[in-house]
Amino acid sequence: MTFSIVARSADGSAFGVAVASKFLAVGAMVPAAQAGVGAIATQAYANLAYRPQGLALLATGVSAAGVVAALTAADDGRVQRQLGVVGASGEGATFTGAGCHPWAGGVTGDGYAIQGNILAGPQVVERMQEAFCASDPQAPLHRRLYAALLAGDRAGGDRRGRQSAALLVVAPGQGYGGTGDVVADLRIDDHPDPVVELGRLLDLHSLVFDKPDPATLLPLTGELAEEVARRLATLGFRPGSGGLDEALALWSGIENLEERFVPGHIDPRVLDHLRAQSG
Numbered sequence: 019m020t021f022s023i024v025a026r027s028a029d030g031s032a033f034g035v036a037v038a039s040k041f042l043a044v045g046a047m048v049p050a051a052q053a054g055v056g057a058i059a060t061q062a063y064a065n066l067a068y069r070p071q072g073l074a075l076l077a078t079g080v081s082a083a084g085v086v087a088a089l090t091a092a093d094d095g096r097v098q099r100q101l102g103v104v105g106a107s108g109e110g111a112t113f114t115g116a117g118c119h120p121w122a123g124g125v126t127g128d129g130y131a132i133q134g135n136i137l138a139g140p141q142v143v144e145r146m147q148e149a150f151c152a153s154d155p156q157a158p159l160h161r162r163l164y165a166a167l168l169a170g171d172r173a174g175g176d177r178r179g180r181q182s183a184a185l186l187v188v189a190p191g192q193g194y195g196g197t198g199d200v201v202a203d204l205r206i207d208d209h210p211d212p213v214v215e216l217g218r219l220l221d222l223h224s225l226v227f228d229k230p231d232p233a234t235l236l237p238l239t240g241e242l243a244e245e246v247a248r249r250l251a252t253l254g255f256r257p258g259s260g261g262l263d264e265a266l267a268l269w270s271g272i273e274n275l276e277e278r279f280v281p282g283h284i285d286p287r288v289l290d291h292l293r294a295q296s297g
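Numbers in our numbering are just positions in the sequence shown, counted from 1, shifted up by 18.
Derived by calculation from the structure, the hints in this document are not laboratory data.
Treat the hints loosely; a few may be bogus.
[Claimed, not checked] Taking CB as the label site, the calculated pair distances span: (1) 234 <-> 274: 18 to 26 Å; (2) 97 <-> 151: 24 to 32 Å; (3) 95 <-> 191: 34 to 42 Å; (4) 252 <-> 229: 23 to 31 Å; (5) 43 <-> 84: 43 to 51 Å; (6) 253 <-> 151: 39 to 47 Å; (7) 242 <-> 66: 49 to 57 Å; (8) 84 <-> 235: 40 to 48 Å.
Quick reminder that beta carbons are idealized off the backbone N, C-alpha and C, glycines included.
Given only the sequences and the hints, what does the whole structure look like? Please build it.
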């Protein structure tokens with residue numbers, strides 16, 4: 019009743035899961051990931067114990083295929099389970115029990131595993147694989163995972179319909195403010211078009227949490243500095259003794275854009291947001 023992808027970034031630093039289903043709050047059931055270790059998706063008649071047990075096995079150096087073999091061998095209900103695993107190196111691994119509702123199956127490759135059950139057909143996982151492999155290996159993992167999920171949704175997805183979707187990505191020290199490992203943890207629990215809605219949240223997440231690209235930063239000088247000061251003043255943030263940087267920092271914090279604040283400069287996406295806010 020679900021289609022998912024588990025994957026590792028090209029540089030091996032990030033792991034993640036993207037999933038969608040005709041099921042309430044699929045993000046609370048299917049995905050699990052641990053920085054420096056790997057990622058897991060447990061679905062069909064999901065065995066939630068697979069998540070901590072699988073990550074524990076990956077942490078000891080067991081391969082993705084070894085994790086799948088160990089988890090399913092110890093589970094009397096494996097005939098109705100589906101599982102995807104990716105570890106720190108090598109190919110991903112997938113498992114589809116013989117009792118999973120059709121269409122059910124999966125595909126794997128270097129650093130990824132894609133699987134689904136009660137799908138419109140094999141084209142769902144095939145399109146997901148094509149989209150993931152065609153995506154830029156240097157792009158953020160959450161973008162590559164979403165591209166695959168969207169391709170699966172457009173190929174028919176869960177043949178019962180749509181309800182929820184989720185995306186989880188982890189990487190060491192890449193969470194908010196560098197104080198955690200969760201890069202993205204987004205969930206659409208109940209929505210008529212959850213994958214598209216997940217994309218909207220992902221765009222918003224990018225605005226709020228992505229770090230600015232140093233190559234695109236604009237110096238706050240001349241006419242641009244005057245414009246920024248004028249627009250900030252319109253919103254009630256007039257430069258005081260701390261100058262334009264202080265006013266911009268205060269406004270950025272109010273707008274949850276502090277991750278994009280760089281003294282003496284302005285991120286183009288922040289500038290676009292400021293212009294939209296100030297009319």
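Each hint tested on the structure:
Between residue 234 and residue 274, the C-beta spacing of about 20 Å keeps the proposed range 18 to 26 Å intact. Taking 24 to 32 Å as the suggested C-beta distance range, the pair residue 97 and residue 151 conforms, at roughly 30 Å. Range check, residue 95 to residue 191: about 37 Å between beta-carbon atoms, so the 34 to 42 Å window is met. Checked against the hint of 23 to 31 Å, the pair residue 252 and residue 229 passes, with Cβ atoms roughly 27 Å apart.
Here the CB-CB span from residue 43 to residue 84 is close to 30 Å, at odds with the stated 43 to 51 Å. Checked against the given bound of 39 to 47 Å, the beta carbons of residue 253 and residue 151, roughly 45 Å apart, stay inside it. For the pair residue 242 and residue 66, the beta carbons lie near 52 Å from each other, so the given range of 49 to 57 Å is met. At about 46 Å, the CB distance of residue 84 to residue 235 agrees with the hint of 40 to 48 Å.
Hint violations for this structure: number 5 only, all remaining hints satisfied.
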